[in-house]
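Enquirer: The lines below spell out each chain.
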Amino acid sequence: MEREKHNIVRVSNVIKSFKLGKVDVQALKGIDLEIQAGHYISIMGPSGSGKSTLFNMIGGLDKPTSGKVFIDEVDIAQLDAYELAWLRCRKIGYIFQTFNLIQVMTALENVTLPMTFAGMNSDDATKKGIRLLDLVGLGDRFQHKPSELSGGQQQRVAVARALANDPAIILADEPTGNLDLSTGEEIIALLKNLSAERVVTVISATHDFKMLNVSDQVVWIRDGRVDKIENREELSISLGTIGAIE
Amino acid sequence: MTEILGDKASASPTDQVSRLVVLPFKKSIEISFKNIQVRFFRSMITTMSLVLAVSFLCFTNVGMQVADGLLASGDPDKRQVLINAGYDIGPQDTSVAATAKQRWIVILSLIVCVVGIVNAQLMAVTERFQEIGTMKCLGALDRFILRLFFLEAGMQGLVGGGIGALAGAFFSLITATISLGTVALIQVSWLNVAGSVLWATLVGFFLSLVGVFYPAIVAAKMQPVEAMRTEH
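Protein chains in written order, with my numbering: chain A, 2 to 247; chain B, 58 to 289.
Because the hints were derived from the structure by calculation, they are not lab data. Watch out, some of these pointers could steer you wrong.
With a cut-off of at most 16 Å between alpha-carbon atoms, the simulated EDC-like pairs for lysine to aspartate or glutamate come out as follows [said to hold, decoys possible]:
#	chain 1	residue 1	chain 2	residue 2
1	A	69	A	33
2	B	84	A	124
3	B	84	A	125
4	B	83	A	124
5	A	129	A	141
6	A	64	B	145
7	A	211	A	228
8	A	229	A	81
9	B	91	B	188
10	B	135	B	150
11	A	146	B	150
12	A	30	A	228
13	A	69	A	124
14	B	158	B	145
15	B	278	A	81
16	B	278	B	188
17	A	128	A	141
Modelling step: build the complete structure from the supplied sequences, incorporating the hints.
Expert: This is the structure in structure tokens:
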């Protein structure tokens, strides 16, 4: 069980600066972070804290100005465009706030698209796609277009799509941001179950305090730095105060 | 667990080929065909300027072939019919050449059509930013996006060009029949008319590809992080 201690993501002294007009703005001011495989991580922080920048960096969507980001011990700065695409296709599953299903495709086609990219033949992809949609509770709706599904159902399809190539990491960017309370809770429970069953690392950027209940670890980002990292045990204490605020 | 381990094992450098993301050609055609189908109205607008320009091109060419057909008969009466209809023919001419002005109008209409296509395709790219970004997050390479846009434009070009060419030929023949009489339809070389239709269709196909060139590059160069943006 040494894999349990394996760091799936390692962020080492990452600085990211943007040019805003003629001024350099540092969004990340030196972040160090280690994320263990199979954990459920929430990245919390106010908007403008650098949360999204860090999140994109972990997802291989952006490269740091200095410092290194390792995904599965591979430095993503060393990867060329093809390898990055492969990484995004096979290692990482993305879930978006706005669901981002491809509107012209059915639920099933949305789920099988990443498998097609990964080179799976169409029969196997269809079988696996239906199995995944079953898993998220949409087994009977695979022929529906996204516009014919509710927000919660669309997000379920997105979860199934994220799982298409059995990724090591699922990156969820405010997955409950566009959902009502109970639907949001369902999606969180679904993610938590999947994370536990399939040993997938779930990393989500969120404002949603409901997320904290299920997180193994919460990373608080403030002003481009890691403010604090709380493990599950410590969380229950601070959760009391958060509950009071809400 | 085993799947993750399996992935790890296949990540050795000797296995580079299997690490390439793929999109089979058949699948690309399927996706782009569906795109046109679903966005039928938008595709129609994109194709409309092409239909009009190609039909104008074909109209002009077929009109000349009708006149050529009449001239080729060598019958002075038919030559007179042409001159009466306003054709400027010298006594030694055996074919009706397009005047410089005519050529210019055709070329201008084709240029305007390409600009129209670029405009419409850029709009389409903007509308589809999130979709393209999402595809890239799922592992799509730049060239997948390029290929999808070119395939769509190619299909639009063939269909739009074909419709335009047929319509142009049809109206050209009707106009000729009205102004020159049914003799125009008897004398015209149908092989040449078919040639004109084919030529105009190919021009339409080519112009559609030229028009999508820049928008497709804009789409393909898009960063996947755009998919994360929520404000649209």
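Enquirer: Each hint: holds or not?
Expert: Verification of the supplied hints:
Between residue 69 of chain A and residue 33 of chain A the CA atoms are separated by roughly 9 Å; this keeps the pair inside 16 Å, and the hint holds. Only pairs whose Cα atoms come within 16 Å are accepted, and residue 84 of chain B paired with residue 124 of chain A is accepted, the gap being roughly 13 Å. For the hint pairing residue 84 of chain B with residue 125 of chain A, the CA-to-CA distance comes to about 15 Å; that is within 16 Å, so the pair holds. For the proposed pair residue 83 of chain B and residue 124 of chain A, the alpha carbon gap of about 14 Å is at most 16 Å, so the pair holds.
Of the pairs offered as hints, the one joining residue 129 of chain A and residue 141 of chain A holds, with about 14 Å between alpha carbons and a cut-off of 16 Å not exceeded. Taking the CA atoms of residue 64 of chain A and residue 145 of chain B, the gap is about 68 Å. The hint is violated against a cut of 16 Å. Between residue 211 of chain A and residue 228 of chain A, the direct Cα distance comes to roughly 20 Å. Violation of the 16 Å bound is thereby established for this hinted pair. Only pairs whose Cα atoms come within 16 Å are accepted, and residue 229 of chain A paired with residue 81 of chain A is rejected, the gap being roughly 33 Å.
At roughly 14 Å between alpha-carbon atoms, residue 91 of chain B and residue 188 of chain B fall within 16 Å of each other, so this suggested pair holds. This hinted pair checks out: residue 135 of chain B and residue 150 of chain B have alpha carbons roughly 13 Å apart, not beyond 16 Å. Straight-line distance between C-alpha atoms of residue 146 of chain A and residue 150 of chain B comes to about 63 Å, which puts the hinted pair past the 16 Å bound. At most 16 Å may separate the alpha-carbon atoms for a hinted pair to count; residue 30 of chain A and residue 228 of chain A meet this at roughly 12 Å.
Between residue 69 of chain A and residue 124 of chain A the CA atoms are separated by roughly 40 Å; this puts the pair beyond 16 Å, and the hint is violated. For the proposed pair residue 158 of chain B and residue 145 of chain B, the alpha carbon gap of about 13 Å is at most 16 Å, so the pair holds. Between residue 278 of chain B and residue 81 of chain A the alpha-carbon distance is near 15 Å, which keeps this suggested pair within the 16 Å criterion. With a C-alpha separation of about 14 Å, the suggested pairing of residue 278 of chain B with residue 188 of chain B holds against the 16 Å cut-off.
Of the pairs offered as hints, the one joining residue 128 of chain A and residue 141 of chain A holds, with about 14 Å between alpha carbons and a cut-off of 16 Å not exceeded.
Hints 6, 7, 8, 11, 13 from the earlier list are contradicted by this structure; the remaining hints agree with it.
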